[in-house]
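Student: Spelled out from the first residue to the last, the chains are:
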Amino acid sequence: MERVVNSKEIKSILDEHKDKMKLMLKVCVRCTFCAETCFLYRSREQNPKYMPSMKIINSIGKLYKKKGKVKFEELEKMREIVFHDCVLCTRCSCPMGINIPEMIALARRVLRSQGIYYSYDKEPHSIATSNTEI
Amino acid sequence: MVDFITGPMVWISCLFFLVGTIYQVYSIRKLTRKVQKADKKKVVPEKTDFITKDSLSFKIRMLKYSFVGIHREKIALSILFHMLIIFTPLLVPAHNILLKQSFGFSLLSLPESLIDLTTILVILCFVVFLLRRIFVERVRAISSFSDYAILIIAAAPFVTGFLSCQQFFDPRTIYLIHILTGEIMLIALPLTKLVHMVFFFFGPLISIHKQTFGNGKEILRSEG
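Sequence order for the protein chains is L and D.
Counting with my numbering, you get residues 1 to 134 for the letters of the first sequence.
Counting with my numbering, you get residues 135 to 358 for the letters of the second sequence.
By construction, these hints were calculated from the structure, which means they are not laboratory data.
Hints may be right or wrong, so weigh each one.
[Stated by the list, open to error] Pairs of lysine-lysine, DSS-like flavour, derived with a Cα cap of 27 Å:
#	chain 1	residue 1	chain 2	residue 2
1	D	198	L	8
2	L	66	L	11
3	L	62	D	198
4	D	168	L	67
5	L	62	L	22
6	L	49	L	122
7	L	49	L	18
8	D	208	L	26
9	D	168	D	327
10	L	122	L	66
11	D	208	L	65
12	D	234	L	26
13	D	327	L	66
14	D	198	L	49
15	D	164	L	66
16	D	168	L	18
17	D	164	D	327
18	D	168	L	69
19	D	208	L	67
Whenever a hint applies, use it, and build me the whole structure from the sequences.
Tutor: So this is what it looks like as structure tokens:
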């Protein structure tokens, strides 16, 4: 059975932070200077998927643009990005002053509201073997 | 058509650029204030919280560990490029003659040979940025059509200006294309990501974030 996404609930969470997301999307110039401030990007063969800007554009950026009207599969993809590809160490920085960790945390909140999260106890392989996934 | 491009269109594009840029500055300021207000309401420190706030000197010392320290050469190239792209058109003798004819005043004019040199440098920078966007994997991964388009829109007036100055091809046609591309760039500036020329100066200063120069602080909850 296909899981139903509660778009209204997502939208209400997004609306609380609408200004922040608008500001973030407005000022990001895709310079990729944030890439090296992420230790995962540096330690995993500089795979672009670990770039902080890439993570926020493909998670919270997508949710904002679609106003929360996303499919369950899309949320599943976002789960990989915000729970697996980011450990929320808050060490990333942006030349334009975007608060990247806050955006990732917001994306996690949206996903949790839909019952989507990482069960680290049940899926330990996901973190432990991620080096070999690349 | 030619009369329109060299006449009213120049005024329309200049006016659009000015009004649009002022509006963008106003909108980002308004947006940041809203964000600041929302943050103040949201985070109410409790007695058991640890509130950490980095001093300005600490932030400056930490810069070498951030993107500033990592991309020293790229940032130097970027600053040079942005300075040249802003000041070169203002210091072109031909532009200043037109300014004098229209408004009765002119800015400082640099010798033609020096302007040629700065224009070539700007064009080379554009080529480097375009190649970077095409061939560097991480930049390509995050680029969309608009990123390539704005690079071409910004480069076009410099390329056509150089060709026009050197009298390449049909000078009259190149001159018209130069004016048209300049007007397109001015109109595109407040509408596209090119507006980052304004945000670059405002963003890191007004953004409230522990790592930026905005007055950011972090509240660490002792539980939860």
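Student: Compare the structure with each hint and give your call.
Tutor: Structure-based check of all given hints:
no. : hint            : result
1   : D:198 <-> L:8   : 44 Å, violated
2   : L:66 <-> L:11   : 10 Å, holds
3   : L:62 <-> D:198  : 32 Å, violated
4   : D:168 <-> L:67  : 20 Å, holds
5   : L:62 <-> L:22   : 12 Å, holds
6   : L:49 <-> L:122  : 24 Å, holds
7   : L:49 <-> L:18   : 25 Å, holds
8   : D:208 <-> L:26  : 23 Å, holds
9   : D:168 <-> D:327 : 22 Å, holds
10  : L:122 <-> L:66  : 31 Å, violated
11  : D:208 <-> L:65  : 31 Å, violated
12  : D:234 <-> L:26  : 37 Å, violated
13  : D:327 <-> L:66  : 20 Å, holds
14  : D:198 <-> L:49  : 25 Å, holds
15  : D:164 <-> L:66  : 24 Å, holds
16  : D:168 <-> L:18  : 10 Å, holds
17  : D:164 <-> D:327 : 18 Å, holds
18  : D:168 <-> L:69  : 25 Å, holds
19  : D:208 <-> L:67  : 36 Å, violated
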